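Undergrad: Listed below are the residues making up each chain.
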Amino acid sequence: MKHTSSKKSTERLSHILSHHKPERVELIPILQEVEEEFGYLPREAMLEAANFTQIPASDVFGIATFYNRFRFTPLGKHPVKACMGTACHMVGGALVLDALERELGVKVGDITHDGEFSLDRVACIGCCFLAPVVVIGEDIHPRVTPFKVEEILAGLKERDAGKTAHKD
Amino acid sequence: MPARPPTRTSISPQMTFDQIKDQATSEWEALQQKPHILVGTATCGRAAGALDVLSTFEAEIRRQNIDAPVVPVGCMGLCYAEPLVVIIKPDNFSVCYGNTTSESVRRLVEGYVVGDDPCFELALGTLEVADENAPSIPELPRFEHELRHILRHCGYINPESINHYIRRGGYSSLIKALGTPQQEIIAEIKASGLRGRGGAGFPTGTKWGLCHNASGQPKYIVCNADEGDPGAFMDRAILESDPHSVIEGMIIAGYTMGTPHGYIYVRDEYPLAVKRFKIALQQARTKGLLGNNLLGSDFSFHIEVAEGAGAFVCGEASALMYSIEGKRGMPRVRPPHSVESGLWGKPTLLNNVKTFASVPMILDRGAEWYASIGTEGSKGTAVFALAGKVAHTGLVEVPMGTTLRDLIFQVGGGVPKNKKIKGVQIGGPSGGCLPESLLDTPVDFDSLTKVGSLMGSGGMIVLDEDNCMVDAARYFLDFVQKESCGKCTMCRLGTKQLLDILVDITTGKGKIEDMDLLVELAEDIKEGSLCGLGHSAPNPVLTTVRYFRDEYEAHILEKRCPALVCKELIAYYIVPEKCDRGCEHCVLTCPTEAIKSDEKRIKIIDQTKCVKCGNCQMVCPPEYDAVIRVSPPSAIPQKN
Ligand SMILES: Cc1cc2nc3c(=O)[nH]c(=O)nc-3n(C[C@H](O)[C@H](O)[C@H](O)COP(=O)(O)O)c2cc1C
Ligand code: FES
Numbered sequence: 001m002k003h004t005s006s007k008k009s010t011e012r013l014s015h016i017l018s019h020h021k022p023e024r025v026e027l028i029p030i031l032q033e034v035e036e037e038f039g040y041l042p043r044e045a046m047l048e049a050a051n052f053t054q055i056p057a058s059d060v061f062g063i064a065t066f067y068n069r070f071r072f073t074p075l076g077k078h079p080v081k082a083c084m085g086t087a088c089h090m091v092g093g094a095l096v097l098d099a100l101e102r103e104l105g106v107k108v109g110d111i112t113h114d115g116e117f118s119l120d121r122v123a124c125i126g127c128c129f130l131a132p133v134v135v136i137g138e139d140i141h142p143r144v145t146p147f148k149v150e151e152i153l154a155g156l157k158e159r160d161a162g163k164t165a166h167k168d
Numbered sequence: 169m170p171a172r173p174p175t176r177t178s179i180s181p182q183m184t185f186d187q188i189k190d191q192a193t194s195e196w197e198a199l200q201q202k203p204h205i206l207v208g209t210a211t212c213g214r215a216a217g218a219l220d221v222l223s224t225f226e227a228e229i230r231r232q233n234i235d236a237p238v239v240p241v242g243c244m245g246l247c248y249a250e251p252l253v254v255i256i257k258p259d260n261f262s263v264c265y266g267n268t269t270s271e272s273v274r275r276l277v278e279g280y281v282v283g284d285d286p287c288f289e290l291a292l293g294t295l296e297v298a299d300e301n302a303p304s305i306p307e308l309p310r311f312e313h314e315l316r317h318i319l320r321h322c323g324y325i326n327p328e329s330i331n332h333y334i335r336r337g338g339y340s341s342l343i344k345a346l347g348t349p350q351q352e353i354i355a356e357i358k359a360s361g362l363r364g365r366g367g368a369g370f371p372t373g374t375k376w377g378l379c380h381n382a383s384g385q386p387k388y389i390v391c392n393a394d395e396g397d398p399g400a401f402m403d404r405a406i407l408e409s410d411p412h413s414v415i416e417g418m419i420i421a422g423y424t425m426g427t428p429h430g431y432i433y434v435r436d437e438y439p440l441a442v443k444r445f446k447i448a449l450q451q452a453r454t455k456g457l458l459g460n461n462l463l464g465s466d467f468s469f470h471i472e473v474a475e476g477a478g479a480f481v482c483g484e485a486s487a488l489m490y491s492i493e494g495k496r497g498m499p500r501v502r503p504p505h506s507v508e509s510g511l512w513g514k515p516t517l518l519n520n521v522k523t524f525a526s527v528p529m530i531l532d533r534g535a536e537w538y539a540s541i542g543t544e545g546s547k548g549t550a551v552f553a554l555a556g557k558v559a560h561t562g563l564v565e566v567p568m569g570t571t572l573r574d575l576i577f578q579v580g581g582g583v584p585k586n587k588k589i590k591g592v593q594i595g596g597p598s599g600g601c602l603p604e605s606l607l608d609t610p611v612d613f614d615s616l617t618k619v620g621s622l623m624g625s626g627g628m629i630v631l632d633e634d635n636c637m638v639d640a641a642r643y644f645l646d647f648v649q650k651e652s653c654g655k656c657t658m659c660r661l662g663t664k665q666l667l668d669i670l671v672d673i674t675t676g677k678g679k680i681e682d683m684d685l686l687v688e689l690a691e692d693i694k695e696g697s698l699c700g701l702g703h704s705a706p707n708p709v710l711t712t713v714r715y716f717r718d719e720y721e722a723h724i725l726e727k728r729c730p731a732l733v734c735k736e737l738i739a740y741y742i743v744p745e746k747c748d749r750g751c752e753h754c755v756l757t758c759p760t761e762a763i764k765s766d767e768k769r770i771k772i773i774d775q776t777k778c779v780k781c782g783n784c785q786m787v788c789p790p791e792y793d794a795v796i797r798v799s800p801p802s803a804i805p806q807k808n
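From first to last, the protein sequence lines are chains A and B. No gaps in the numbering here: position 133 of the first sequence is 133 in the working numbering, and each next residue is one more. No gaps in the numbering here: position 344 of the second sequence is 512 in the working numbering, and each next residue is one more.
Worth flagging that the hints you see were computed from the coordinates, not collected in a lab. A few of these clues could be false.
Below, in silico cross-link-like pairs of lysine-lysine (DSS-like), each with a Cα-Cα straight-line distance of 27 Å or less [claimed, not checked]:
(1) B:K664 x A:K148
(2) A:K107 x B:K746
(3) B:K514 x A:K107
(4) B:K514 x A:K21
(5) B:K443 x A:K77
(6) B:K587 x A:K148
(7) B:K588 x B:K735
(8) B:K443 x A:K81
(9) B:K694 x A:K148
(10) B:K446 x A:K21
(11) A:K107 x B:K587
(12) A:K81 x B:K514
(13) A:K107 x B:K735
(14) A:K163 x A:K81
Everything numeric in this text was worked out from a predicted model, so none of it was measured.
Can you build the whole structure from these sequences, using the hints too?
TA: Written as structure tokens, this is what we have:
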């Protein structure tokens, strides 16, 4: 995901639109690319997509909210996704999600105040044999327990702190 | 419309294909001359560290300056043993190794790639039956029952190399098809008895015939790779491991329907599957097997990839097509059926990934061969994603008619940790939970439906004594309730009501009348819904009520969760006689500081602070094993 790019967001958006035709079939692919680029669907981007495809804005919002893939708030620097697929649920996935909510102080779908962590749930990422699974960024954390949640988060915070200290 | 084979231009498909095949053969044979290493790099392998294993192999081989290619392959189905590696030697056994690590890689390169020690202590077995006392994969108990047809290439070929697929016979069915009248192909599929693998088991030949006869142009071929069941990964594994078999099946369908237009709708969250599928498409185009005037014939075929956007209901045929069109994926009333009016209102042939992947082998080996596998009403094999409380989590493929018991215990290796099996959930949110007493049910479309479950997508989750069946029903209802598209009132509000009742029961607020209400409501939702989501959403509730009624009653009447799962109905308790006192593990890991020492340093849980995360039980050293769960919470022994 490239949502940290420094280019102006209008430029990034017009770049996306430039390789799509203004047709309805292109709407979902456009929204997917916007999400990929920004980490979420900014309101202005949806309006722009509506304008571009000549689809009423209310319809675009309707479609965007219909699909689970789209989010409407930015992702955290560390996007945390807890697997709530069947296999993960059956071996304590819900306790892991509880622990994530407790430790991060946010509910599913939200982001921490400092923008560091966002929390989402996903349904089966296809490595059920490692259940319960938590994905943070690109990393898959296998066989997570509530206790391991604390360790993983502490590890990430420590790593970040190390990085900033290094910079200073 | 009379069937008409394509008129050919100067070169016949067969001729050019022979050249393509020769090239594939020489590439393959060159590889077989050398020792080479296959590394499973599907999502399952990657999650277990396969990319590290792969790069360590490469580095080690470079360092030692050996000529031994490292080939990324797909999923062999033995996901529990990932990362999986196979070392193939021209003049020695091919050996498969499980749970490889960077350390074992070094040992394997030294021992077997360079030397002649097959390192059997690290091996799962040899690929062929070897004459020694060495373990061999085909002799594992599971392969007595397994029959790999749909998964025939998975784990053995590089999914990013079309030549591997061609060398193993790939695309020759397409060539055969291009010279066969369309009606004959349909007749062959009909005769094979193939039924759709997307869940409902609709006879594929019949569907192909209907679409072929439908008037309206152009027609569309759509592959359903939405795989929305939150515990299933067969289609993903096939796309990641053997994408060309799906492409070949789709092209044959396109030829048979006389259309150049193909789509595949892939679930989001499957980035690797999309990537590999796109590479495969590109390679097929380069070889002239896809695109305009396929291999010089006058038949053209194109495949577009549409990525899903995360809605379970979009796996349903009509919703899926709306989604491709850029609309909300909401199922519509049928008829008309999509074979008559599908994508953009045109006749559309929609099949599942596994259905398309079955087509080439049926044309290759014949309908009679295919029909000889399986049962009277369900031909061929069934692929399941086996997960949950089972030793050998992964992909399994067995002939239709194999019993659940053989599947779980022989192929799946049974329930780990000496736990007792409680049941098995088949078909995801649309399926049902079957009890231990029904494990002798054969897996086929009709038998599973008879006992209240269904074949469904192929997700199979084994449940043991530590799983609560009411909680399982609540889990699935929570899922379908969120995924209901909202069009039908019974589905939208009914599932919410069902969920509310189940939440009440699992939190100790259930009433005994709720049992009848659940069943009544479930039947109404089945009746009053348009699509399969509503029709099947109550299945997890109906089957658990039918087969595990005593668990519901314990929750309602005694406020007790027999499996000690439902949070509101359990409490954690430290048995004073067992507490070591000196050890502080539980105190240190409690996230809410709910555990204190008393005057004798025995640990006590403050129930008002306890959030029931289970940390204390997990960290209490096994030699003390002092933390227990009790249900109902009032069962905690009170100090007097
Ligand atoms: C709610 C719902 C979800 C479905 N999800 C899938 C799916 O993920 N994959 C699939 O192939 N079929 C799914 N189906 C079944 C399809 O509607 C359709 O029957 C199937 O793809 C046809 O292919 P087949 O004839 O090869 O089985 C779903 C049906 C319903 C009602
Ligand atoms: S259920 Fe979590 S990875 Fe499959």
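Undergrad: To test your reading of the hints: which numbers does this structure violate?
TA: 1, 2, 3, 9, 11, 12
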